[in-house]
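Q: Given chain V, work out where chain S with the ligands should sit, using these hints.
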Amino acid sequence: MELKGQGAGYVTDLLEVLGDWIMEGIEEIGKVILLFFKALVWAFQPPFFLRNTIKQMLEVGVHSIPVVLITATFTGMVLALQTHTGFQRFNAESLVGTVVALSMTRELGPVLTGLIVAGRAGSAMAAELGTMRVTEQIDALYTLATNPIKYLVVPRLIAGLVMLPVMTVLSDIVGIYGGLFVSVTILDANRTVYLRRTWDYLTFNDIYSGLLKAAVFGLIISLIGCYKGFYTQGGAEGVGKATTGSVVISSMLILISDYFLTAILF
Amino acid sequence: MIKIVELKKSFRNNQVLQGVDLEIQEGESMVVIGGSGSGKSVLIKHIIGILRPDTGRIYVAGEDITQLNEQDLNSVRKKFGMLFQAAALFDSLSVWENVGFGLKQHTGLSDQEIREKAREKLAMVGLYDVEDLRPSELSGGMQKRVGLARAIALEPQILLYDEPTTGLDPINADMINNLIIGMREKLNVTSVAITHDMVSAYKIADRIAMLYKGKILQVGTPREIQNTDNPFVRQFISGSAVGPITEDLEKELMERSAK
Ligand SMILES: Nc1ncnc2c1ncn2[C@@H]1O[C@H](COP(=O)(O)OP(=O)(O)O)[C@@H](O)[C@H]1O
Ligand SMILES: [Mg+2]
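If you're matching them up, the sequences are chains V and S in order. Using the numbering used here, you'd call the opening residue of the first sequence number 1 and step up by one each time. Using the numbering used here, you'd call the opening residue of the second sequence number 1 and step up by one each time.
So here's chain S without its partners, still in its complex pose:
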């Protein structure tokens, strides 16, 4: 469904992605793990064409989206829904206008019909009677749900989640995990989530890929990842402060202060 080949991206002198290869099957739930600032968000933004790669290819349903212009990219984007880290709701619009935004832009539905659809999608994420509120009036967990409702409004085939559980308390986080699993079962979507929350990763993933130093270090089922022999992956999933990742980091800091 999605195939990423040799993807490279740098910002000025900062080489963020240094040759990412990753393939995501149709209907699969892929979770990309990695530390803060490792380039997870940059990676996911390439998949939906918000960022353009320096080099490399990204195939979505067989089509290389790196070669498309903005117009054509927009039609590919309709296959996607994305939930942002802080929900990224439009704060000038009400909740139902947020959820119905894509419908308003891309269908000829009347406001009344859009409102009805928005209600439906909100019910799917467990929210009722919030249509007329402003995003700022909602809690963080509710904002993410509205963000999810907005992401599924156009009935996408692929859902992208940028740190869906970050910043939520454990209970709200688990409810979001359940929603993500539910979306797959109900909507039959392919999904890509990025996170550093291992509890969430094990729960929602068919396969887990670890991003480190701009490359995919290992890909495997949650069980394979749990039993990894890769010392970097092992340190990350165990959340330990001692290990090769820390050593690398210290070396880097030393080099930088030497300059």
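Chain V on its own, in the form it takes in the complex:
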């Protein structure tokens, strides 16, 4: 097809913009991966900032645990309601407990926890490091002969990696009990039967695959939060952009990686 005059101009403009986007995207992915490997190298070199790491674990937990617990409880409850409606149609109400337990441990526990932590702790990391960047506090760390990746990024990565599975366990438990509560009080299920159905069909693999997902999500959240903050540019406005950007990107990455992890771990 021949393109003439203005039409051709638009097409080349479009291609140019598209090309820039792709190049920027690739550059950005490269920088994220580089930051991860730098952090990995520093993580194994003393001194270890134990106090910083514990502080970050508490931050991740404190920011998110109340929301995670409430969300997981209600998710377990609604799961029970919905499965009951469906399973009633072929007299399989007794399996509600199983479905709630599998859904929570394999899928909803880690994903919901991940999304909530991305919104709360991940954004807080981007905002804090971003502020430190634009106020030159990160440069100041260099001048004090302290590597900021080691001092700031490594503790946050460890906190994400450790705390997400911990919080996922909590959300699994409250989700299962939320389902139990609805089943027993509203749907007239038998408590003992419900719990037996939960434990009988739940395998170690269900829990393990959920926790592995959670660990990966935790790493993604911290890495993206730190990356966005660490490379913030452009003053207060830049910090704002980094913060929202970190939430959008890590939420997307959680959902995308969730699919692939499920496909691999099934």
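There may be inaccurate statements among the hints.
[Unchecked claim] Below, a list of computed lysine-lysine pairs in the BS3-like style, where the Cα atoms sit at most 25 Å apart:
1) S:K251 - S:K215
2) S:K213 - S:K186
3) S:K203 - S:K104
4) V:K38 - S:K3
5) S:K117 - S:K78
6) S:K8 - S:K186
7) S:K104 - V:K55
8) V:K31 - S:K203
9) S:K251 - S:K78
10) S:K251 - V:K38
11) S:K78 - S:K104
12) S:K3 - S:K79
For the record, the hints were derived by calculation from the structure and aren't laboratory data.
A: Coordinates of chain S with the ligands only, in the frame set by chain V:
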């Protein structure tokens, strides 16, 4: 003590440093002057290895720091202390933890000993009983003093100052000038300051270098600079809106809007 050779650095399409050559003697107080955005901060951040040059060499005490990895660079950085333009205090830490940060990282001192040292350094910059405050509770002038106390805590041989007087009222600015002079006398340090405050430059400098368009235009004693025949330097130090710098700027703006 410090020797910069053919230093070049650009960010994307923005050529900031285009071949800077500058030598700073041991014990000397060098002041680099230049307009806002001329690359003064970029230059000083190269000296301590926060930024890496595109090309060029930087020797610190004879060692080329552009060739060092992060680990080795960290040991060179212990020779330096730096005061940032807006102090850059860690706002999650108290004043004494800020001042003692380097000590905590690089010495085996106990918290009690670090606190004591921090008190000492704070006294050197004229601050008393502020150890337990947060940086946000201090005025701009006090923050800079704390920043200076933090910079001298590890007893550096070289002190770097990024616009030490910018943003301060004239009285506070002059007190900072006096502190900078005092640091040299008491600690025997080499110092590099960047500024566009000519009052401060004349007061603290042994020699002044002017950075313009990514290069060092002239280096000389304050007296030599005051009597310069270079029209660019003369316009800058007199703070006049009329002169070759303005003409260059207008030409540039014209070219840019033509595109
Ligand atoms: N990290 C960076 N990334 C991109 N551009 C930068 C960076 N640091 C400085 N610059 C650019 O370099 C130029 C010089 O900046 P700077 O050294 O801060 O000027 P000043 O002389 O006022 O201290 C400016 O145009 C600035 O936008
Ligand atoms: Mg500057």
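Q: Now, for every hint given, state plainly whether the structure supports it.
A: Now for the hints, and whether the structure bears them out:
1. S:K251 - S:K215: Status holds; Cα separation ~19 Å.
2. S:K213 - S:K186: violated, 36 Å
3. S:K203 - S:K104: violated, 34 Å
4. V:K38 - S:K3: violated, 30 Å
5. S:K117 - S:K78: This hinted pair holds, its Cα atoms lying about 17 Å apart.
6. S:K8 - S:K186: violated, 35 Å
7. S:K104 - V:K55: holds, 17 Å
8. V:K31 - S:K203: violated, 44 Å
9. S:K251 - S:K78: violated, 44 Å
10. S:K251 - V:K38: violated, 44 Å
11. S:K78 - S:K104: Since the Cα atoms of K78 of chain S and K104 of chain S sit roughly 13 Å apart, the hinted pair holds (cutoff 25 Å).
12. S:K3 - S:K79: At roughly 15 Å apart (the allowed maximum being 25 Å), K79 of chain S and K3 of chain S satisfy the hint.
Violated hints for the displayed structure, listed by number in ascending order: 2, 3, 4, 6, 8, 9, 10.
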